[in-house]
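**Student:** Residue strings, one per chain:
Number of protein chains: 6
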Amino acid sequence: MKKLAGDKSVLSFGIRRMHPAISPMIDRSAYIGGCDGVSSLIGARTINKNPTGTIPHALIINMGGIENAVKAFDKDIDENVPRIALVDTFEDEKFESIKAAEAIGQKLLGVRLDTPASRRGNIVDIAREVKWELKIRGFEHVKIFVSGGLDEEIIPKLIEAGVDGFGVGTSIANADTIDFAMDIVEIEGKPLAKRGKYSGKKKLFSKLDNGSVIFKVEESNKEFKEAGFKESLVPIIKNGEVVYKEETPEEIRNFVLSQLKEIDEI
Amino acid sequence: MKKLAGDKSVLSFGIRRMHPAISPMIDRSAYIGGCDGVSSLIGARTINKNPTGTIPHALIINMGGIENAVKAFDKDIDENVPRIALVDTFEDEKFESIKAAEAIGQKLLGVRLDTPASRRGNIVDIAREVKWELKIRGFEHVKIFVSGGLDEEIIPKLIEAGVDGFGVGTSIANADTIDFAMDIVEIEGKPLAKRGKYSGKKKLFSKLDNGSVIFKVEESNKEFKEAGFKESLVPIIKNGEVVYKEETPEEIRNFVLSQLKEIDEI
Amino acid sequence: MKKLAGDKSVLSFGIRRMHPAISPMIDRSAYIGGCDGVSSLIGARTINKNPTGTIPHALIINMGGIENAVKAFDKDIDENVPRIALVDTFEDEKFESIKAAEAIGQKLLGVRLDTPASRRGNIVDIAREVKWELKIRGFEHVKIFVSGGLDEEIIPKLIEAGVDGFGVGTSIANADTIDFAMDIVEIEGKPLAKRGKYSGKKKLFSKLDNGSVIFKVEESNKEFKEAGFKESLVPIIKNGEVVYKEETPEEIRNFVLSQLKEIDEI
Amino acid sequence: MKKLAGDKSVLSFGIRRMHPAISPMIDRSAYIGGCDGVSSLIGARTINKNPTGTIPHALIINMGGIENAVKAFDKDIDENVPRIALVDTFEDEKFESIKAAEAIGQKLLGVRLDTPASRRGNIVDIAREVKWELKIRGFEHVKIFVSGGLDEEIIPKLIEAGVDGFGVGTSIANADTIDFAMDIVEIEGKPLAKRGKYSGKKKLFSKLDNGSVIFKVEESNKEFKEAGFKESLVPIIKNGEVVYKEETPEEIRNFVLSQLKEIDEI
Amino acid sequence: MKKLAGDKSVLSFGIRRMHPAISPMIDRSAYIGGCDGVSSLIGARTINKNPTGTIPHALIINMGGIENAVKAFDKDIDENVPRIALVDTFEDEKFESIKAAEAIGQKLLGVRLDTPASRRGNIVDIAREVKWELKIRGFEHVKIFVSGGLDEEIIPKLIEAGVDGFGVGTSIANADTIDFAMDIVEIEGKPLAKRGKYSGKKKLFSKLDNGSVIFKVEESNKEFKEAGFKESLVPIIKNGEVVYKEETPEEIRNFVLSQLKEIDEI
Amino acid sequence: MKKLAGDKSVLSFGIRRMHPAISPMIDRSAYIGGCDGVSSLIGARTINKNPTGTIPHALIINMGGIENAVKAFDKDIDENVPRIALVDTFEDEKFESIKAAEAIGQKLLGVRLDTPASRRGNIVDIAREVKWELKIRGFEHVKIFVSGGLDEEIIPKLIEAGVDGFGVGTSIANADTIDFAMDIVEIEGKPLAKRGKYSGKKKLFSKLDNGSVIFKVEESNKEFKEAGFKESLVPIIKNGEVVYKEETPEEIRNFVLSQLKEIDEI
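Chains as they are written, first to last, in numbering that gives the first Met the number 0: chain A, 0 to 265; chain B, 0 to 265; chain C, 0 to 265; chain D, 0 to 265; chain E, 0 to 265; chain F, 0 to 265.
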């Protein structure tokens, strides 16, 4: 996702799709995996960040319209909070965007299109049209954000249409289950395993090769290390002591991003 | 199309899709084929009807909004002209419909959704939502019309969502070409035809059978007439005199509609 | 799954496929949804049951073969624990089944085929062959259990082959995410909702109809109740008091099973 | 079509497939689009050419065979009219071709295969066989023309089989309808357009780029002209005077053919 | 094939497609399987029949045309040999059929269409056209035979077009290989078989049930016989004596045809 | 098949799938086509070779297990016969392979996996696992052979898994029928052929070109020979004398193998 978005920002909106017991972990995983921010308070805490968001539909409905909502928000909210207006509440995205821009001018950082499914004929065309209409009226500085049902297919098209950022939920909130098993492979040093399992204790080595991770089961330590492989499993507890230095989400994320550059396709 | 729409009205919007030299014929054919009205002046003249239509986008844009446009139209236009408001100009269909209904109340006959493709996520859902919102505010009398890219697939779904009428253009404005040929099949009464053509003069008979028209080439006149077949080709000119009584579009259309009742599927 | 298995037993083996934070809930949900037992200690506790299982591969590997393992288990383990032998460790399922049956005879309740993927050409044929071989040697009482990668496709075929019970993991351990949203639909009693949402407070009614649950948004309470609909949402907390009597997993499961009978297909 | 045929000749046989009111325009369009000739009198007049054709089936049937027909035609018809024989009337294309060639020898310009659908197993094989049979008998000068249901798929195969020219009808006689609309985009110089339309008056620029025409809406006149774009719309009437010099069909056709050379694929 | 053809005749033309060592057996198998005749001398001998065929292309080419060939054949060949003319040699099937019929009138039993692939656009249409042209000229008695690349798909369409008989070669000349194996299943009365094979000596029973043959392995002789099953394997040699009475091809074929009546679909 | 197997050995097991009248020819053809050996006595005689095979299931079943069978075979059979053990009779391939290797050590040439279909989940994984288990116990010299349902798809994967040889039956035991015909193409030197056939006597030339054989009908002998074409048809009998020197299967096979090297793909 982040790979596709390039230098555009991607926020995790995934927290409300799964059981609350694992929601904060979803936000944390989204951040580690490359998202630029998260939207839940508790998820943000797991990564030592502030949560991010936009002026909500609720405010616009209560204030009776986008202009009032944007002006009120701009008047009362700490000026460090970015002014991003949701522009699909009552009117068409095009006209709500123009109204939001005309209401607070240069202070409007961006507009967010969260168009409901029944109006989402071609969100790429809508985004392109909103950008054109803002520009022809002198609001080239207003960024375009899009959210709602985004996936890997549509993000490249939206980037091409000039979109500046994305809010992604469902498509990063779940993952396929991974089958695995624990098995006995040696009895007191002698290799022995059930049918379908390879006998003998093994070491797992991996290296990044031409944009994809390859794993090999050890055949000769030395030969493998020369070929650039690293042992994949590292000790966490030794003799009752934690010997593993935990990395911060920031460190893990930077490692992921550094790897993304070497990967060709997702 | 008319078969699918049942007792709902269908208007022909097909005239502007083809070469102007055959446009009036398209409107006439649409009427004969079951459409309830046509939208062009010259097409209407071929069937001795008044053209029909709705309050146009141009008026709404010039008047600055749906409320002004509806009120002005209601004030100045002959009261025999039905008040039907296009509700997709500036704002969402839902809110423009409410505004149009609140502007002239019981005098509003209907609203027309001509939603642009980029906003047409699910026009069936939009129509159902507009109907709900009008009803919850007491405007159950307002009819819902839909136009724009309609075809045989979507009309049954729209009827189920409570839509009352349709404007259909492109999907009835063209037809597949039909291959045909003229061939010599007899020389002075003796059957002779090139390869691939059946020799001998023939008569064509047809009858409506279980909902589809079947054609047979004459084998014995008498036997065929007893089986309910009628000769398909009738003389138009005999000895220089026109012997065929031309039917009005109305008569042809009524014949078509009477046949539609016997047809199972299209 | 339970619907397909009919009166055959189905055990949940799903717990190890997902994040441990929600594993016990998976076992509980599997039981509620119709599984006859669960395999994890903590999952079993959530439903007040004993966990169930079979003689493991580990014992067979350590004892050096199925005969020793079955005999030792039979000698030392509480006789209330059913004797079910895993028969795919060293030899072919057919011969390990015969050996297990010959080792403890009538005391063997069943054999479990957990055949590894690389040997699983046609598990239905293997199960049918094992059943034949046990029967031709006089062990008709031995039940056949199958586990490993089972899904809705294969269970009916296994039942037809004479299998008596199933262990199901991955295919019931996950679920599709469900999109939902919270929205403002009224301001102080007046219906108002953003584009794409229906205005006005609603009540949700449902009833079981011809084997599938149908939902309707209230139009008239009275009319709905006469048609057999029940309100779908019930109060849980009123004035700070919990007014909802929690049902036991047993009660929920029985309700689910009673509904399964009325459902035609899954 | 012409692109595929290369230096082979292509005639338009499209006129009888559509309504007679637009038939002459079809012939004119076919010629402009690259066809080398047309077959109808009135179509030919629109392009200031003579219509072209072959000895018809009717003559062959009336004369009782290909030999008589070819000889009679050769005897009585102006020698400027090319002798091209239709060779699928009574006998197989192979034998009628041989008879036509033997009848008038060097004066036979070509034969035309208009094989009926029921005999058209593999028209490419038939054409190749006819060419072989003519050549083995010393009539290498006779050209092979094919007509009847030709399309883009089969023409390259026919060229490879040695065919010298084509008569194409149905597949160039119709075109998909093009959706378009007229819209208000400015009110007295201020940009304003309905939802789904881009506000503001625009200029359309185009250029031929790597074999396909690309269109751009003006952003900066100057920048566009430097990039090789030309304004696509030109004035036809100014102050009541026609200011546009109409081009002859010949000039337009030459322009089209010059563009075809730069186009890679159709 | 015979099932599809109903009371129409089907000849086996299959002998030349396979290795000559098994060709006679192909003709014999075709006859047993329902074909009405075979075309090779040696194949015919295996079934005690005369081979059947038609006037060959070779005669027509040598005689210079269909009329000469038919007349010569009719003059010199034993009058018990049916006069069936191949009508695709030089001219179109339509005209050669007419010429053959006009040459010997009532003595012409039928015409055979063996149209080459390159002319076989729609052999069903050709057959229907030939039948029409013969009938319109008073030759209703001439039967239509078709050969060349026939399969199960096209035969029903040809029957509907009025075809009276078929010559079928390639599509009945080969068969899929059937995998089978010989295995040890008992050692001195004790059931024992390798993995994947069922232990113990078995008897095979079969019966015709609702149009398809079902096989069962014996479980109880008595029960099976009451259910209408018959033992599928019968002794051929006992104590060195042949105890099996061989049936004639005629008897086997009649048995097959009697079964065909009970079979619904092939 | 041989092309895919490269320097691995391929044996023909095809003889029992077809009619016994042509079985020896199948073995001969398999050998000529590149197989390294055949398994039937009579097939082997056609190529002057000894038939090859492995220790059969029957011996293992009669001896009560793989160890006894391997030891007995090793003790009593001529030491020139290679010791290859079938390892899928009673136990898993993995354990029977280990037992066979432990029974006669260095004298075991190889093991053959003839796994029954119902256990053949992933024969590639099984082969790889057997190889690993033999190697980890010091039996790297034991070759792996696989048989049973092998085709072009799976052989490359098996080679990659380390398999050393293959036994192939069904997939090389049959061939598609080839349509061909005999036709008159000249009458006393004058070209004449029926519709769909090319007139005139022809010579057929062929050459191997870029890995595929191309055929050309003679146009000019000289020109063709310069382009490297050779006449494809050679005289076998001249004036009653056999003038063709028959090649041995060995010679033909060597010719085929030499051609295989120049062919890119099969």
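Please keep in mind that the hints were generated in silico from the structure rather than gathered at the bench. Just so it is clear, CB atoms sit at the ideal spot from N, CA and C, and this is done for glycine as well. Treat the hints with care, as some may be off.
Said to hold, decoys possible - Distance ranges between label pairs, derived from CB positions:
1. A/Asp182 to E/Ala226: 53 to 59 Å
2. F/Lys106 to E/Pro190: 32 to 38 Å
3. F/Glu185 to E/Leu40: 23 to 29 Å
4. E/Pro190 to C/Ala116: 28 to 34 Å
Stated by the list, open to error - As a list, the in silico DSS-like pairs of lysine-lysine whose alpha-carbon atoms are at most 27 Å apart:
5. C/Lys106 to E/Lys134
6. A/Lys134 to A/Lys201
7. F/Lys200 to A/Lys196
8. F/Lys229 to A/Lys215
**Student:** Indicate, hint by hint, whether the structure satisfies it.
**Tutor:** How the hints compare with the structure:
1. A/Asp182 to E/Ala226: 53 to 59 Å: 48 Å, violated
2. F/Lys106 to E/Pro190: 32 to 38 Å: Hint holds: Cβ distance 33 Å, inside 32 to 38 Å.
3. F/Glu185 to E/Leu40: 23 to 29 Å: 27 Å, holds
4. E/Pro190 to C/Ala116: 28 to 34 Å: 29 Å, holds
5. C/Lys106 to E/Lys134: Not satisfied, since the Cα-Cα distance of roughly 84 Å exceeds 27 Å.
6. A/Lys134 to A/Lys201: 62 Å, violated
7. F/Lys200 to A/Lys196: 67 Å, violated
8. F/Lys229 to A/Lys215: 53 Å, violated
Of the numbered hints stated above, those contradicted by the structure are hints 1, 5, 6, 7, 8, listed in ascending order.
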